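For chain U, the structure is supplied; the task is to place chain F on it using the hints.
Order-wise, the sequence lines are chains U and F.
Reading the first sequence from the start, the letters are residues 1 to 516 in the working numbering.
Reading the second sequence from the start, the letters are residues 1001 to 1516 in the working numbering.
These aren't lab readings, by the way, just hints derived from the structure by calculation.
Careful: at least some of the hints might be erroneous.
[To be verified] Reference listing, derived: stretches of chain F covered by chain U, where coverage requires no fewer than 3 residues with Cβ under 8 Å from a Cβ of chain U:
| hint | segment |
| --- | --- |
| 1 | 1107 to 1121 |
| 2 | 1353 to 1367 |
| 3 | 1376 to 1389 |
| 4 | 1398 to 1404 |
| 5 | 1484 to 1490 |
Predicted model only: the values in this text are computed from it and were never measured.
By construction, the Cβ of each residue, glycine as well, lies at the ideal position given by its N, Cα and C atoms.
Number of protein chains: 2
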Amino acid sequence: MTTQAFTPEATQARIQHEGLRSKIMTAEQAAELIQPGFNVGMSGFTGSGYPKAVPLALAARMEAAHAAGKPFRVGLWTGASTAPELDGALAKAEGISMRLPYQSDPTVRNQINAGGMFYSDMHLSHVAPMAWAGFFGRLNVAVIEVAGILPDGRLIPTTSVGNNKTWLDIADHVILEVNHWQSTGLEGMHDIYYGTRLPPHRQPIMLTAPHDRIGEPYLHCDPEKIIAIVQTDAHDRNSPFSPPDENSRLIAQHMIDFFQHEVKAGRLPANLLPLQSGVGNIANAVLAGLNESPFNNMTAYTEVLQDGMLEMIKSGKLTFASATALSLSPEATQYFTTHLDEFRGRVLLRPQEISNHPELIRRMGMLAMNAMIEADIYGNVNSTHLMGSTVMNGIGGSGDFARNAYISFFMSPSTAKGGAISCIVPMVSHTDHTEHDVQVIVTEQGLADLRGLAPVPRARRVIEKCAHPDYRDALTDYLDRALAGGAPGKHTPHLLQESLSWHQRFVQTGDMRKKG
Amino acid sequence: MTTQAFTPEATQARIQHEGLRSKIMTAEQAAELIQPGFNVGMSGFTGSGYPKAVPLALAARMEAAHAAGKPFRVGLWTGASTAPELDGALAKAEGISMRLPYQSDPTVRNQINAGGMFYSDMHLSHVAPMAWAGFFGRLNVAVIEVAGILPDGRLIPTTSVGNNKTWLDIADHVILEVNHWQSTGLEGMHDIYYGTRLPPHRQPIMLTAPHDRIGEPYLHCDPEKIIAIVQTDAHDRNSPFSPPDENSRLIAQHMIDFFQHEVKAGRLPANLLPLQSGVGNIANAVLAGLNESPFNNMTAYTEVLQDGMLEMIKSGKLTFASATALSLSPEATQYFTTHLDEFRGRVLLRPQEISNHPELIRRMGMLAMNAMIEADIYGNVNSTHLMGSTVMNGIGGSGDFARNAYISFFMSPSTAKGGAISCIVPMVSHTDHTEHDVQVIVTEQGLADLRGLAPVPRARRVIEKCAHPDYRDALTDYLDRALAGGAPGKHTPHLLQESLSWHQRFVQTGDMRKKG
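Same shape as in the complex, but just chain U (with noise of 0.2 Å):
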């Protein structure tokens, strides 16, 4: 939608700074104010609050460029995955030359694996203190979405924070999207927080429970370095949960078996501790069983609000719930925007730093439920490559919060594929999370409490209660052939010839088992 759409009133009353109205452009003329080779810092967080417009005038300039015969790549950073009219509409116009620090789009996926786009996956809560710190390098603009702009230039943010603050700090320059779609009553539900620094001057973050507001409700902006505003009316990404399937369901199950023993055995409070729950639908299977679950008062601090999290505000399970951005289907955003006034004051969107901040998960002690691609038997957890190679997603704030939580669990159907993948491999194809830090794997199939065990009781245990029967005998007899001498210790027995073959035996054949 252009600029000519918008009546003199809808954009008075968004921007209501006067001086910067004169910097109203079009998406077109704002892009090209972004150079070859330029570092650029977009919003966006998953799916959530990413710019709409100059993204995509962004691309059909490098696309003019390109079949002018002339090189238009950006280094793009985010706060995490962005939507098709971004991530997508770069790297289908190949100008994608570093991205950081995650994304989940499939071309920009494609372009990674094939070689073609650099990618630097990364814990979500080190990008802004690093980026602060120089260690990627200058940013030269930020292209940023907001609700409105106050008279005294404040900005209102929208669905997600993410990295929002730390690029409007750094950036070289700024340029906004005023997006009509976003409710102008998203104001006050943010919760900016300006007191990082870096070190020696650091301060403790005197946040200690998931409703504490340590901040602001805006963020701040030099209105010097605005140097083009451009309006829009798009909607979020949005994507439809599909209905918790049978694993899903099971899965839930038995996790809240295990907080009813754990509560039972005083090892956990009866309301529970701030749950984390990273995004899809396994996670969104664990809150609905959560919201039918006996437990009450529950609190949430968490990167993404679901649709789960919204439906256990509603019913009132969950009394409050702080995240960076809202990752609803189209039927919960239609829900929430029009019953803000029911969310105000239980939830608060806050920047990924803070959402993730290891200070404030060790804190707070999160029952942190993140998804897996793989476990191996003795604990460690893959969470971003198929077959060791090829990148998926990426780690996400799934290390920040594995880390630092009160329990970290891991959750997986146990096979994929329709059963030509074991997701309980011998040894995983790429490590994201060590045994140190996984104490709890669940499939379908059981929950494997791995708390205190060394790696071969681990072993034995995740076999037991997390390998498909398909697996088990497999597993089992891997693990007896290194105990009985394969390996060179009994530590943590490999067979090193081994070790792999089953991820090597899916590449060349496209299954793990065996034939015969």
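Structure of chain F alone, referenced to chain U:
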């Protein structure tokens, strides 16, 4: 040395609580109070401050039981590594069923790798909170070395703090060893923080610089729980350090060049940031190098105070060092104990949950310098395992520091075993620090700065800067063939049938290099 050897005056001077003096007994009598199947929490961290009499008496008791055909094993929890009189003796008696969280004793290591003892290798910052939460079961008895007991029952800690506070708090019963060898001048050089809680009751830890005092100089223990007091006069392990060899000096020089470069680029303050340094000869060489460097007014916030740091304090280069333990050579110990007043106000020993706390490490922004066994070309680091299966020592605090550091460094000579092992490999045989947690790799060949790089550029840089020339071509060949199409994807290209073949070749032939 038996109890009889201590005069009443010496005993009264060390054990000022009258009621507790009635609990003095021999080590043999105290060991009788430890039953088979107990979990025993002992003091001790890197050969400092461990009990020196009761473990030997317990080992004798175990050997007698075993000779009589009776089982006698205990779970052994400590701060970190101890010494032959503790780990060595109990392992020799085959008396440890389960060991956590760290060890470096040859007898213990051999038993673990022979499958005769279970070992749970843990982040040192995880131990106290998880033990408090009850994740490892009940702690039946604590055996803690102290330097003295005040009239009101408070305890003067010795040369390490480790998990002593936690064991004293959670154990059902407590046995104290009062060691007359430990200098009474240590009184006042500890900072025991009693503000930790289980969630949801945790509060910010108000420490912002290495010299901050947030606790008190003494350990507390309910006198009712104390069932025995044993007097000793026995020195700490105090292993000698070898003088820095040529490789260590080269590694140190690369580090110092890098620091100078970073200061010049404005990414580090002129006096650097708090140093964390792992134990061992490379670490000491780096500290010796820093002591000769142009940097001044440095500080340290680390686990262990080694000879190198002591020298830096003596020279005035290091203004303050916070640690949880001393790990000094006999000569440095002698100097330290006879010049304690020189170090008073410049050294503090804290509980390991504070020395290694992610909140504090992230806040203060350490330069985390740790040794490694091997790194792979993509920047994953193995700190614990030989050839995938055999555990060496353990992860210790390296993960606490690397994950939360301002910059994390991993250091190793580029080869081992006279060149038969390359410390840069296609794929690590065990992962302790993932690519996300490793910013800089250093060998005597050079320093690879991996910040902001994607995996393939990282691999090129690690091979160029860090690999030994004897292995460089083979590593490049692996990478090139993987990129040329051998790997299923080009993000982290691996040839699965080859990725661990170097380790396998070493197991089979004693050399990673191909013959002929």
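Here's how the hints hold up against the structure:
1. Taking a C-beta to C-beta cut-off of 8 Å, the segment 1107 to 1121 of chain F contributes 8 residues in contact with chain U, enough for the three needed, and the coverage statement holds.
2. Counting residues of the segment 1353 to 1367 of chain F whose beta carbon lies closer than 8 Å to any beta carbon of chain U gives 7, which reaches the threshold of three, so the coverage claim holds.
3. Coverage of the segment 1376 to 1389 of chain F by chain U holds. Counting CB-CB distances below 8 Å, 6 residues qualify, and the rule asks for three or more.
4. Under a criterion of three residues with beta carbons nearer than 8 Å to beta carbons of chain U, the stated coverage of the segment 1398 to 1404 of chain F is upheld, 3 such residues being counted.
5. Given as covered by chain U, the segment 1484 to 1490 of chain F passes the check, having 4 residues with a CB less than 8 Å from a CB of that chain where 3 are the minimum.
Against the hints set out earlier in the document, no violation occurs for any number.
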